[in-house]
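Number of protein chains: 2
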Amino acid sequence: MSLPRPMLDALAELLPAEDLLTEAGDCWTYGYDNSKRHAPPDAVAFPREHDQIVALVRLCNEHRVPITPRGRGTGTTGATVPLRGGLVLSLERMDRIIRVDPDNRLLIAQPGVTNLAVQQAAAEHGFFWPPDPTSAAACTLGGNLAYNSAGPRAVKYGTPRENTLGLRAVTGAGDSIRTGVMTTKGVVGYDLTRLIIGSEGTLAIITEAALKLTPKPAAKRTLQAVYADMTAAAHAVAAIMAQPVVPCALEFIDGAAIEMIRSYSKAELPAAAGALLMIEVDGAPASLDEAVGEVMRAADVEGCLSAKVAGSQQEVEALWATRKALSPALRTVAPKKINEDVVVPVSHIPSLIDGLRTLGRRHDITIVNFGHAGNGNIHVNLLIDPDDPRQAAAAEACLQEVFELVLSLEGTLSGEHGIGLVKRDFVSLEIDAATLALMRGIKHEFDPLGLLNPDKALPGAAT
Amino acid sequence: MSLPRPMLDALAELLPAEDLLTEAGDCWTYGYDNSKRHAPPDAVAFPREHDQIVALVRLCNEHRVPITPRGRGTGTTGATVPLRGGLVLSLERMDRIIRVDPDNRLLIAQPGVTNLAVQQAAAEHGFFWPPDPTSAAACTLGGNLAYNSAGPRAVKYGTPRENTLGLRAVTGAGDSIRTGVMTTKGVVGYDLTRLIIGSEGTLAIITEAALKLTPKPAAKRTLQAVYADMTAAAHAVAAIMAQPVVPCALEFIDGAAIEMIRSYSKAELPAAAGALLMIEVDGAPASLDEAVGEVMRAADVEGCLSAKVAGSQQEVEALWATRKALSPALRTVAPKKINEDVVVPVSHIPSLIDGLRTLGRRHDITIVNFGHAGNGNIHVNLLIDPDDPRQAAAAEACLQEVFELVLSLEGTLSGEHGIGLVKRDFVSLEIDAATLALMRGIKHEFDPLGLLNPDKALPGAAT
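These protein sequences, in sequence, are chains F and P. Residue numbers for the first sequence follow UniProt numbering, beginning at 1 and rising by one. Residue numbers for the second sequence follow UniProt numbering, beginning at 1 and rising by one.
It is worth saying that the hints were derived from the structure and are not from the lab. Careful: at least some of the hints might be erroneous.
One copy or any two copies: either way a pair holds, since identical chains are not told apart in the list.
To be verified - With a cut-off of at most 35 Å between alpha-carbon atoms, the simulated DSBU-like pairs for lysine-lysine come out as follows:
#1 Lys156 to Lys308
#2 Lys212 to Lys266
#3 Lys266 to Lys308
Let the sequences and hints guide you as you build the complete structure.
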């Protein structure tokens, strides 16, 4: 589509020239996200205020123009790719931290602020905000809320849904709403805060968020445990999660990933290593010895080959180097790999890993797994070249079976990456028709004309 | 209303005689809850299975008969009083614990099981479910979820919204839905789990819930700190909440409440006591000394008259005796007192208490405050006799000003009791018209005919 002249004129009235792009070449970049998918927007607006967003959304309603809100485009599912063109709302210039209130453990910020900036503002007062995606330095708060993005710390401290008090937002109809409270308890009205979090910008555009802060623990220890195979490691995960000391990170790497690291980096690992856990425990300094001891005892299941606690910051970095060697190694082997982030209950991780091995063999695809074991959130990497039609077809067939396996193990298709456009055809494998119909009805209440990020999050008939 | 003959016949087909009441005298009791409000139901059904509820809701849709789901009636807001008669669905016979899965830290149960039974089943495996309302021995899981009921532990461990993974439910239209996941992460589809939690049975009837369990801490210490006045105590609360050791209970009692205890019980308190904090700290035994030390240091603000840690179980009981003496004392003075459960950000507690004192003087009403200070959740007790028209009028005027004060302090009208029918006229003080309209739209999607618990939770035009 291209925008009607009256709409272009109205945009130019609403926004100063430096906050609006309408030339195709200028707009091009804002058609991408980190899924590498692309569709060109017709215009890109950079609002700086809530009221501008209200006006922009109402204008789009008047002209029936789709609106795609976005942050910095670090998402991996194409959720911010403007499939139908129209207006992209880039929220990157709404990047103010409005209030840091340590007495009340809260921070209020606009959506365009980066996760890192939130952490820095909180840290000045001895606090942090738990969600910690790998892209923290670049990704925005609005994106974190749109996807319910988590990271390693979620195992102890939860996701954005557990760490957000309230929102200010603009619905798809252009109405200003406020959700939630400024307190850690509140039961007046329905919980629209959590409904909007994770809805991938399909219900409302968040213009302000009140975040719940957590005091920074005084100390942290890092452990690495190596296992003969993934089954042993998964039993250790279940044992660790069944005792009272909850680690603040419980990451795992499977045997194929260890092979990968061994081939492509100098990180040292025992020869028989079939799986590896990276564990972090935080808390008050005096309690850490005991806490680490409890975790070490739980980690020491049959098949545990070695377990060690880093004694210095250098050792911590050496331990994490193993984990960090993985992504470059995977990119070397398969630059366009498929990375899914399925979740299963912790005790089903061994069955998942076994099943994935079988599927990899059957479809002749190398599958490498790592991820947030404490949440059962496994990053499943299919090392294929999607530009090779045979491999692409094999991957498609394999992916369908991966998702069926995950669901048969009481799991879910995504733990933190979301649906966007790349997974939407699989959603109805997980969510039944009646529940999906209800979600579509809710979408309709927020966005009667279906203009807000159409074709995302929910399957086919969604808009 | 009275039920049409074909509906009564259909009910008798759907349910065995022992699971159905239709005689007015038999039904009477099921028209009450702990608000002491009453309206007589036309029939009471005691379903035992999800599919029976589907059939009952569809039958009510067919005959346009209101449905009021209820647990054990311990709610205080009239949320289960069947204002328009019709069918009461008493879920007390759906009381099975379906699965306890310690490896995955989850428990699946039906709504009629008591909170206590959930705790006992979890405790067998070393776990607990954090929500702990005072009525735990009698109140049901379904009620806890309907109100998002919390209790003292919420300050550290959160409310049902932070401790529930997924639900099975029947919408007002009679559709079976499943929400959420069996894992601690999941971002597929919209978050209907939290939307239904706290919706007071106005959106859907919960028939099964997957609860997130937490490992029981190995040890706990109880502290009591006494302050010259409420301002000093509130500063202590803010200081305690700003350091890393989060107490598992942080309760307070104001000066008027202390006077009350002194007059009506033998609990010992220093003469100059203007406010009191009861604090509990849990964790691993080795860490407790340090943790208690941190909390004691934070609690020791200007105006702290004394602070002590209970050295034995008897001492713990002695400390809690003070807190527990309060309710009987209040009941002695004002059997029909009004008890609100407002919330303000922690640092605004002193302003709230000061403002309440002024309001009490202006309206000639004794106001006694206690509650969950760590969450800013204050139980405001207006000691009046509602049967005295002058006092009732004063209370009404005072209550309106209490709520305005709370909102001016960035607070919310209810932290855990909910809205029910008694607070619904005040909801629009807190939630703006556009947001309320959206909530009503969502209600309509779940319950197109407006039959599910009508006239509750949302104000006037809600159904």
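Need the list of violated hint numbers for this structure, in ascending order. The structure breaks only hint 2.
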